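Asks: Using the sequences and the hints given, assemble the complete structure.
This is what each chain is made of:
There are 2 protein chains.
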Amino acid sequence: MPHRNPERSDLNAFFDPRSIAVIGSLKEGFFGGYVVIKSLLNAGFKGEIFPVNPSYKEIWGLKVYPSIKDVPQKIDLVLIITGARSVPGILRECIEKGVKAAIVVSDGFAERDEEGKRLQVEIVLIARQGNLRIIGPNTAGVANPSKGVIPNPYEMGYKKVKEGAIAICAQTGMINPQAFPYGDLGYGVSKICDFGNKADVDECDIMEYLENDPATKAIALYLESIKDGQRFLKVSKKVTSKKPVLILKSGRTEQGAHISASHTGSLAQDDRIFDAACRQSGVIRLNTFRELFELPKIFAYQPLPKGNRLGIITFTGAVGVLAIDEGAKYGLSVPLLSPGTRKKLDAIFPGLGKRIVDIGPPMAVVNDYMSIYSEILNTVTVDPCIDSILNVIWTGPSGEFMEEYLKIYRGLQGNRKPIASWVYGPRVHYVNEMTCQLEDMGFPVFPDIEMAIKALGKASQYAKTKGGNR
Amino acid sequence: MPHRNPERSDLNAFFDPRSIAVIGSLKEGFFGGYVVIKSLLNAGFKGEIFPVNPSYKEIWGLKVYPSIKDVPQKIDLVLIITGARSVPGILRECIEKGVKAAIVVSDGFAERDEEGKRLQVEIVLIARQGNLRIIGPNTAGVANPSKGVIPNPYEMGYKKVKEGAIAICAQTGMINPQAFPYGDLGYGVSKICDFGNKADVDECDIMEYLENDPATKAIALYLESIKDGQRFLKVSKKVTSKKPVLILKSGRTEQGAHISASHTGSLAQDDRIFDAACRQSGVIRLNTFRELFELPKIFAYQPLPKGNRLGIITFTGAVGVLAIDEGAKYGLSVPLLSPGTRKKLDAIFPGLGKRIVDIGPPMAVVNDYMSIYSEILNTVTVDPCIDSILNVIWTGPSGEFMEEYLKIYRGLQGNRKPIASWVYGPRVHYVNEMTCQLEDMGFPVFPDIEMAIKALGKASQYAKTKGGNR
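Here the protein sequences come in this chain order: D and C. Read left to right, the first sequence gives residues 1 to 470 (our numbering). Read left to right, the second sequence gives residues 1 to 470 (our numbering).
The hints are simulated quantities; they were obtained by calculation from the structure and are not laboratory data. Please note that a few of the clues may not be correct.
The list treats identical chains as one, so a pair stands whether inside a single copy or across any two.
In silico BS3-like pairs for lysine-lysine, Cα to Cα no more than 30 Å straight-line [said to hold, decoys possible]:
| id | residue 1 | residue 2 |
| --- | --- | --- |
| 1 | LYS306 | LYS234 |
| 2 | LYS74 | LYS159 |
| 3 | LYS234 | LYS466 |
| 4 | LYS63 | LYS38 |
| 5 | LYS27 | LYS407 |
| 6 | LYS57 | LYS147 |
| 7 | LYS159 | LYS217 |
| 8 | LYS217 | LYS227 |
| 9 | LYS117 | LYS343 |
| 10 | LYS234 | LYS217 |
| 11 | LYS147 | LYS27 |
| 12 | LYS464 | LYS238 |
Bear in mind the structure is a predicted one, so any value in this text is a computation, not a measurement.
Replies: Spelled out as structure tokens, the structure:
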């Protein structure tokens with residue numbers, strides 16, 4: 001099958017449709033069209049919604065149409081949640097109706113059996129002939145929180161996905177709102193997309209779309225396979241020169257690749273080839289599923305570092321030692337602070353540190369600790385000898401410094417060096433509260449010290465490839 | 001200085017004293033003797049507490065003694081929180097009084113300057129001559145929750161550290177209760193110990209003590225240096241043959257090692273030598289600070305696997321693929337399930353999987369999902385072709401299955417294969433609730449898929465070195 005070059009307008013119908021038809025099951029439950037419509041209404045989708053099902057008259061206060069042909073208006077996007085065998089016929093009707101974009105949620109295609117593989121080829125042929133794009137099949141769909149486009153087919157238990165600057169796309173529904181607590185996050189996402197079996201729309205199409213999406217500042221992808229290696233290399237090179245692309249790819253091992261093939265019905269490649277492609281194109285490769293949601297934060301919410309010199313502010317020397325070891329993996333060095341900074345720090349509290357600034361000792365003995373803390377932070381962040389900052393915060397037994405901390409960080413907004421924070425303390429509640437508040441202000445907080453360092457290290461490496469490092 | 005061979009009774013005074021004297025600052029605040037006594041009282045310490053300070057008469061309803069010599073009873077353990085220069089004199093008085101164990105919380109020793117180094121040598125000489133053991137100086141001390149021995153010098157904001165089977169010891173106070181939310185955990189700890197500068201009691205002393213501590217099933221250590229390489233090799237070999245020892249060691253890089261030396265005043269070794277020592281002695285080496293608190297759970301709360309064959313129960317195929325890749329790092333393989341199991345699973349729901357059991361598809365379409373789930377779990381856990389289980393749980397939008405899940409897992413308690421779980425879902429609250437409840441039952445939950453796999457992988461490797469693997 002020849003590859004179709006996407007036009008941006010094609011994918012735009014998936015993320016910014018004025019009207020959506022939901023075709024198939026409307027049964028009450030936690031999966032299906034019933035939930036899709038509920039999710040759209042909850043998210044405040046402003047466009048029109050047309051449920052399609054011959055057995056219903058009305059749902060969620062909306063008229064239900066027996067067939068898509070009966071819908072009187074133009075339809076930008078359809079979501080199909082029916083048995084796999086009905087999908088080809090429905091797609092033909094959609095094309096007749098002039099629809100240009102279809103999310104096929106239905107499973108039972110290439111991931112299932114031979115019959116499913118045949119069906120998948122059939123729907124792609126229908127789509128190409130009819131100038132229709134497909135996301136899926138076997139997908140949990142997309143989300144664009146800025147437009148209230150959250151047609152989630154699974155109940156998610158919250159109404160809003162916070163709007164932000166990170167696009168998360170994957171060959172699995174594990175990144176869609178029913179699987180990840182976007183409602184409880186401090187940071188926001190620009191677009192979500194589960195490619196499913198990626199019979200038509202694939203990682204390259206999405207990268208090209210997001211390259212030109214002004215809301216997206218960083219792109220995170222989970223892939224089990226690459227559809228077209230040559231195109232991937234070309235597209236990712238182009239996109240990473242504009243925005244960071246972070247990829248977690250599974251199927252690294254032979255057994256993993258084999259299983260991956262049966263999971264989404266796609267072929268996997270030799271991992272070494274993929275690894276070389278990432279290095280060539282400047283793609284940042286991730287190691288764990290959680291990193292997909294964490295590492296992009298440094299790119300989306302903080303400036304790029306101008307070099308590889310890391311400053312450390314911590315309540316404990318151990319974190320400093322760990323950070324130095326970890327930083328070395330990514331080419332970060334922890335330099336002596338400038339003579340001016342060292343002099344200022346010594347005046348604030350003798351022995352605060354020449355390299356790692358350990359604020360534990362003054363904490364235990366100084367009366368007006370918070371004003372000292374503020375001075376330290378403001379002194380270290382402007383030191384000309386450092387390019388990025390690892391910032392460790394102890395929340396204390398009862399969150400007593402929370403307000404003061406937050407005031408100080410408010411004052412740091414708009415600083416020109418990236419700050420990655422790690423928050424710890426004896427009470428989970430205050431750690432979570434501080435994390436959310438800081439992220440809300442645009443200061444990313446990482447779940448581990450090591451991940452905070454990795455974020456700064458990868459930011460430094462990316463800045464260097466973009467020519468931003470000294 | 002000659003090495004002193006510890007006797008178990010020595011360290012026992014640190015963890016199970018009948019009487020504790022707290023010498024030094026009693027000023028109200030979040031650090032010092034005032035907090036130590038409050039922590040002991042909160043934890044329900046049953047022994048006697050003797051505050052010592054010439055400027056106070058009474059604190060927390062307890063009589064304060066001007067000097068330790070004025071205390072009429074025998075004292076098992078002293079905690080010293082004074083300026084560094086007062087410590088030698090106080091230790092001499094303690095020895096005169098017959099005290100055998102001292103925790104020197106005070107800082108300003110080898111980690112500070114030349115004068116501090118000299119003082120540290122002096123206190124060690126005094127201690128050895130007087131047959132007294134020292135933990136510290138520059139330490140946040142110890143904890144033994146089973147005896148209410150939580151003399152924490154920093155305010156921690158909660159009263160109880162849950163009693164359990166994991167000992168966590170470190171060359172930093174980052175593992176003590178003011179830094180880690182032991183009060184909010186689902187699992188418990190047996191002993192906590194910050195060695196501080198480890199002028200006397202060191203990693204080997206602690207390992208030997210914990211080897212014979214019946215409450216401890218797994219030992220987690222954070223180290224920045226090894227005091228005596230030969231002894232470490234000998235002791236760790238002996239201890240790992242009885243209980244797993246998991247070590248995170250920093251100072252891997254040259255710069256890290258250099259900084260480490262200034263942090264706790266101890267010398268670091270070449271990391272490659274340490275790595276070789278770990279391989280020789282069967283020590284499990286950790287990579288991140290968080291793993292210190294997470295990986296021991298599989299050893300403390302689950303049986304060891306009899307082999308390297310991993311079974312996977314998941315709501316999503318992607319986790320299966322990631323797990324296979326990750327498992328390969330630790331020699332885990334994901335085999336075909338036995339014909340009997342496959343037949344049973346197919347009868348429960350067609351296409352449930354031959355290798356990875358993907359319970360996502362039945363979830364979306366079956367009415368009585370929970371009874372099916374129970375059957376699946378019980379079938380897979382007894383399959384003769386697998387030795388350990390990765391168990392992925394989706395908590396759902398409103399925790400609606402929580403009670404039923406928990407009932408099913410209650411039925412699995414006492415099963416003979418290790419189960420490592422990963423819990424995810426759209427609401428942080430339910431994920432946390434499920435995590436705590438499961439850990440309370442003895443089923444460890446890991447924060448990442450990859451860490452769950454690593455836990456099972458390390459358990460399999462450890463079992464093999466102990467001769468437990470087939």
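Asks: With identical chains, the pair LYS74 and LYS159 could be close in the same copy or across copies; at 30 Å between alpha carbons, which is it: within, between, both, or neither?
Replies: within (27 Å within a copy, 64 Å between copies)
Asks: Using 30 Å as the alpha-carbon threshold, which applies to LYS57 and LYS147: within, between, both, or neither?
Replies: within (27 Å within a copy, 68 Å between copies)
Asks: I want to check one pair: LYS63 and LYS38. Are their C-alpha atoms no more than 30 Å apart within a copy, between two copies, both, or neither?
Replies: So LYS63 and LYS38 pass the 30 Å test inside one copy only (14 Å; across, 66 Å).
Asks: My question is about LYS117 and LYS343: at a cut-off of 30 Å on alpha-carbon distance, are they close within one copy, between copies, both, or neither?
Replies: between (70 Å within a copy, 25 Å between copies)
Asks: Which holds for LYS234 with LYS217 at a C-alpha limit of 30 Å: within a copy, between copies, both or neither?
Replies: within (20 Å within a copy, 53 Å between copies)
Asks: Tell me, please, which holds for LYS159 and LYS217 at an alpha-carbon limit of 30 Å: within, between, both or neither?
Replies: within (24 Å within a copy, 45 Å between copies)
Asks: Within a copy, between copies, both or neither: where do LYS464 and LYS238 come within 30 Å Cα-Cα?
Replies: within (16 Å within a copy, 49 Å between copies)
Asks: State whether the alpha carbon distance between LYS27 and LYS407 is at most 30 Å within one copy, between copies, both, or neither.
Replies: between (49 Å within a copy, 29 Å between copies)
Asks: If the cutoff is 30 Å on CA atoms, where do LYS306 and LYS234 land: within, between, both or neither? Let me know, please.
Replies: Cα proximity of LYS306 and LYS234: one copy only (27 Å, versus 48 Å across).
Asks: What label fits LYS217 with LYS227 when the C-alpha limit is 30 Å: within, between, both, or neither?
Replies: within (24 Å within a copy, 48 Å between copies)
Asks: Pop the pair LYS147 and LYS27 into one bin, within, between, both or neither, using alpha-carbon distances up to 30 Å.
Replies: Classified as within; 26 Å inside a copy, 57 Å across copies.
Asks: Since the copies are identical, ignore which copy is meant and state whether LYS234 and LYS466 lie within 30 Å (CA to CA) inside a copy, between copies, both or neither.
Replies: This pair counts as within: shortest intra-copy Cα distance 17 Å, inter-copy 51 Å.
In the structure shown, no violation is registered for any of the earlier numbered hints.
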